[in-house]
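Peer 1: If you read the sequences in order, they're chains A and B.
When the letters of the first sequence are read in order and numbered with this note's numbering, they come out as residues 1 to 288.
When the letters of the second sequence are read in order and numbered with this note's numbering, they come out as residues 1001 to 1343.
Among these hints, one or two may not hold up.
Said to hold, decoys possible - Partial list, derived from the structure: chain A residues whose beta carbon lies under 10 Å from chain B: (1) LEU33; (2) GLY133; (3) PRO279.
Everything labelled a hint here was simulated from the structure, so no lab data went into it.
This structure is a prediction, so every number in the text was calculated from the model and none was measured.
Cβ atoms here follow ideal geometry from the backbone N, Cα and C, with glycine treated the same way.
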Amino acid sequence: MHWLNIIVQGVLTGGLYALFAAGLSLIFGVMRLVNIAHGDLIVLAAYLALIVTTTLGINPLLSIIIVAPLMAAIGYALQRTLLNRTLGDDLLPPLLVTFGLSVIIQNGLLELFTADSRRLQAGPIEVDSIHLGAGLAVGTLPLIQFAVAVVVIAGLQAIFYRTAIGRAFRATSDDRAVAQLMGLDNRHVYALAMALSLAVVAIAGVFLAVRANFDPSIGTARLLFGFEAVIIGGLGSLWGTLVGGVVLGVAQAIGAEIDPGWQLLAGHIAFLVIVAVRPEGLFPKVQG
Amino acid sequence: MSAVRIDHATPSSRIGTAILIALGIVLALAPVWGGRDDLRLLAEIYSYVALASLWNLLAGYAGLVSVGQQAYVGVGAYVLFALTMLAGVHPLAAVPIAGVFAAALSVPTALLLFRLRGHYFAIATWVVAEVFRLLAAQISVLGGGSGTSLPAAIVTSMAGSRTLREFEIYWVSLALVILVVGAIFVLLRSRYGLALTAIRDNELAARSNGVDVTRTKLVIYVITACGTAMVGALIFLQKLRISPDTAFSVNDWTAFVIFITVIGGVGRIEGPLIGTLVFFILRQMLADYGSIYLLMLGVIAIAAMLQAPKGLWGFVANRFGWQLLPLERRVAPFEVSKPSSEN
């Protein structure tokens, strides 16, 4: 029962990792862009949520309504003005430019908000838990977070496979030249994909900020968790990303139980073992 | 008797080589003309030239875009601290041993990483660096997560006086950067260099012309790991303090190194030299602004990538055909061999 409890907690943490990863998976799948600044954008969203909640005095979870469109707008502008110019066969330009963005966001946040760690207060919901009997209890917040991850991924899945813009995403992902010949404006399609990605980042950022302390430097680790979940799940598979997040969460929970120093290590090692055995991930849909 | 001669040198490379040799002599005499701060700054510049040259070899020539080279900086630094503190090895003797250790470690690492390509490879190199960082944080005799300082007894045992010790470290730093850049030069002039240039320009074409791409990449990966670890060991011998977060810092040892290489020019041996100069000039100008300086650096790196994707030296080389070191291969005009020449 003890271990079952640990695994359940790990699965729920995996939901947060899947939220980190979903936006990354989306743009990686559509335009093969490795966004090194993704983790820092999550942290940026957390600070935006901090500003919104302190000025309006609303519950952090409600702030998503404002932060998500704001981040989407930033994403659209970023892609249109900057990132579109880096896309091509060479992987160095997007890598370097997003590395640059990462350094800019980190140091910009440091300048504006100092290195002090912050936290969003979501009220009593933070400590509520639901007893499932036989000594098994799950926190309400982790449960909500996991449910939101499932809803977000189902939503992205629906957009991808049931809407015109989703068709455009898949078409540009398969062959950008042919998509353009069919009358799609790739620059606009990519910008929409980035907008959607950063809207998901906003949700992830708010949950991160409610769940734990944050400061300008923590983006990098979140980026790696996200990437690991994407690669474990397999490129282009959104549900695979959720599985990847859960694999990471469970590996970390088990590692932490063996020795607190092994929490992060266990997650990374699980990732390396999986890519050693299956370099294409568990459920690949798109060729990298 | 071959009818074709391959020339490497051009007028610009003769001038460039002469300048570099003169510069080397002036820098070797820095303890005579420079103060303590100058030596420290120069040694730091050498570390970045070496790190950027190595990353350039790896990413610019072998096409292995790694964002995890901090793994080997950290390993080199930790091996130095472990050897000197736990085994009583002389600090300067520990530097090459750190290189050998990293080279040995890089072989199994490469076997894992080489299963992945492109983006996946890049991300996995970073994960490997994180694994090394977290493992280093588990070494309790070296201070675990908070790190440790090199005991004064070890530091003073290096040389008779503080001045002498500083000279010693300075010359070793200079020797190491000359060794690294020199080794890369020799490598690029060899048949490996031809293979690497072919891989840089078109991997598929190189493969179809009989270049063993995987083997060449493995050799480069191992050489880079070895060099990076030696530089890392020397950097932390000067800092005298180590911690997992500083030794395995992605910003210090990878992001800035990539910025330097891209600003100077990827895939050219001169690129890292020029890039490091720009990086340090900016730093001296903007150092007072703290995090704003790093922010500016990010902006400049992005602007450089978008406006001059081949870097400053790439621009100069394309425009004027200059090269600092004789690396080009030109087929000399045929000279019909006359019997008289065989007298």
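Peer 1: Each of the hints needs a verdict: does it hold here or not?
Peer 2: Now for the hints, and whether the structure bears them out:
Evaluation of the LEU33/A hint against chain B yields a held restraint, the C-beta minimum of about 9 Å falling below 10 Å. For GLY133/A, the interface hint is violated, since its Cβ never comes within 10 Å of a Cβ in chain B; the closest pair sits about 37 Å apart. A least Cβ separation of about 5 Å between PRO279/A and chain B falls short of the 10 Å threshold, and the interface hint therefore holds.
The structure is inconsistent with hint 2 alone, although it conforms to all the rest.
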